[in-house]
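As they're listed, the protein sequences go chains A and B. Residue numbering for the first sequence follows the numbering used here, beginning at 11 and increasing consecutively. Residue numbering for the second sequence follows the numbering used here, beginning at 11 and increasing consecutively.
It should be emphasised that the hints constitute simulated quantities derived from the structure, not laboratory data. One thing to keep in mind: the hints can contain errors.
Note: identical chains are not told apart, hence a pair may lie in one copy or across any two.
[To be verified] Restricting the straight-line Cα-Cα distance to at most 20 Å, the calculated cross-link-like pairs of lysine-lysine (PhoX-like) are: (1) LYS289 <-> LYS68; (2) LYS215 <-> LYS68; (3) LYS177 <-> LYS215; (4) LYS239 <-> LYS315; (5) LYS117 <-> LYS68; (6) LYS117 <-> LYS315; (7) LYS239 <-> LYS215; (8) LYS154 <-> LYS177.
Protein chains: 2
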Amino acid sequence: MTEMQHIVLARRPEGAPVAEDFRLETAPLPVPGDGEVLVKLSHFSLDPYMRGRMDDAKSYAAPVPLNGTMEAGGVGEVIASNHPGFAPGDIAFGMFGWASHGCLPGKELRKLDPAHGPVTAALGVLGMPGFTGWAGLMEYGRPKAGETLVVAAATGPVGSMVGQLAKSLGLRVIGIAGGAEKCQMAVETFGFDACLDHRAYDDAKALRAALADACPDGIDIYFENVAGKVLEAVLPLMNVGGRIPLCGMIAWYNAGALGANQGGEVDQLPKLWRTILVKRLHVHGFIITDHFHRFGDFLKQVGPKVAGGDIRFVEDVAVGLENAPAAFMAMLGGGNTGKQIVAL
Amino acid sequence: MTEMQHIVLARRPEGAPVAEDFRLETAPLPVPGDGEVLVKLSHFSLDPYMRGRMDDAKSYAAPVPLNGTMEAGGVGEVIASNHPGFAPGDIAFGMFGWASHGCLPGKELRKLDPAHGPVTAALGVLGMPGFTGWAGLMEYGRPKAGETLVVAAATGPVGSMVGQLAKSLGLRVIGIAGGAEKCQMAVETFGFDACLDHRAYDDAKALRAALADACPDGIDIYFENVAGKVLEAVLPLMNVGGRIPLCGMIAWYNAGALGANQGGEVDQLPKLWRTILVKRLHVHGFIITDHFHRFGDFLKQVGPKVAGGDIRFVEDVAVGLENAPAAFMAMLGGGNTGKQIVAL
């Protein structure tokens, strides 16, 4: 084995990515330098944030350069190491990208213990998405027993973590998801009190009416990861003193420069601003990379619950590096069910 | 004296209030019942929030009923009392409305000690507006020395309190006000580092460029009381982790149903939402009536600073009840300088 494969950003998408925005390339297998570790990946993660990295817009992280490898966290087996902390055969997590192999400084990698469960958990329920749900809910949601929480993408790795944690804390939890199958999964697998299929409602007004029925005491926490129609439906139902941890807005990710003019011809900002004032809401934007100093606490708290089956997770696995772009494009449209992973 | 005068809401305004929306009426002087106190007002307060009370829209407080007395806090001398805590000659503050006299239960009144400074301070710097600035800044702004704060309506009773407190805590403070005279006052009287005249800039973009010059290290706290063009100018300049205490949006108060479609034809909400996410902002809506349990702390902390001249205040006094509507309408357009008061 002297070669590796990876997928590069062939061009910047306009709107929703298409196949031509990606290109599968072959490259020489890297030789690890001082302190570096070479890993043969078994799986990598596909997450909505990667859509943002494809745009050349100023954001909290640098965009993927044109012809650069698409960004992703992955797991795999160490096949060569110049770092004392890693030996061949170890299983490691790192930001290797959409690739068959990766070579990174050992200090940027995290060793996984396969005894703690499937290694893919490090990409989802016990990785960045699960950690995002935990940190956002606990730090900014400030959940209290008896309150009502709403989260969309309910069967995704963030939404399902938020919902299950909130249920375990005694909240009423209402999910929103795309399609009857996911809604059933939110209730039966993840224990949500109810889950609404946003596709069954023509507009925000219809969705709001259904949400109002499902939330007779209003909404205290809206964990925001989708925006768009769901945000519009939720806002008027927020209770006084409500909290909105805001970590994503997938409904708007495909609009080119994120956030530019995706709405209608009516400026909704004054209405939002008024709602925040009148309802005394607390809106907290957060980026999970700011919180990694608490990752150890997260693993300690949530790891045993995952191992014990108290927190469940669902994965959607695409097989083969060449199928990553299609899986990614489908995910942005809600075509996946559970944490989207690529297996190599 | 057997009669009193008061101003009632004659009809609900469409957009900016006009003279015909108000009516001066004469009524018999009330006779205080059990536990009630009759006060002859010397001054009452005009504040932007009163515009919201004129609309029949669901909000955090009930609207003024048609033909009901316009709401206001006022101060004056007790002329009759059936409450053991008040005697004729005492000076009291209460929500008497736009009126020459008022009769309220003694338990709803606060006795003022004229030795502590002019009684009008209870309407501004040591009343609801000053308290709004203090509570919003300290609880939600979380100011730290070396940071940069921006506040508009800089010479108003909220903005001038926020700016002076922030200066005393070691922040760089940039004001925004309407007109060169107010800008000069913000710097010379209130000690702001700089103050921009929003009228000197054609649009949000031009104002933003000037703000960027005045805030070379970005903006950490935007104390929001105006919205509109200022909000649009400020948002892109917010630093990561910035805070926005949000207590008002006077730029949008005259649009009938507050917050409905005052913006342009582009939906600015996605851009705002993106900024909150990318910059990890914390937006806190608050209504000062939720915080009155801390009013004693406020008086204890800020009262001595006002008495000692460390916190200064400016009042704009209209004379005569009949001139209250004109003064109120002017204030909504920024025609006042300092705390707007009506003297009787």
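Structure-based check of each hint:
1. In this homomeric assembly, LYS289 and LYS68 come within 20 Å of each other (Cα to Cα) only across copies, at 11 Å, whereas the closest approach inside a single copy is 32 Å.
2. In this assembly of identical chains, the alpha carbons of LYS215 and LYS68 lie at most 20 Å apart only when taken from different copies (18 Å versus 33 Å within one copy).
3. With identical chains, the CA atoms of LYS177 and LYS215 are never at most 20 Å apart, being 27 Å at best within one copy and 46 Å at best between copies.
4. For the identical chains of this complex, LYS239 and LYS315 are neighbours neither inside a copy (33 Å) nor across copies (49 Å), given an alpha-carbon limit of 20 Å.
5. In this assembly of identical chains, the alpha carbons of LYS117 and LYS68 never lie at most 20 Å apart, being 28 Å within a copy and 56 Å across copies at closest.
6. For the homomeric pair LYS117 and LYS315, neither the shortest alpha-carbon distance inside one copy (28 Å) nor that between copies (53 Å) is at most 20 Å.
7. For the homomeric pair LYS239 and LYS215, the shortest alpha-carbon distance inside one copy (9 Å) is at most 20 Å, but the shortest distance between copies (29 Å) is not.
8. In this homomeric assembly, LYS154 and LYS177 come within 20 Å of each other (Cα to Cα) only inside a single copy, at 10 Å, whereas the closest approach across copies is 37 Å.
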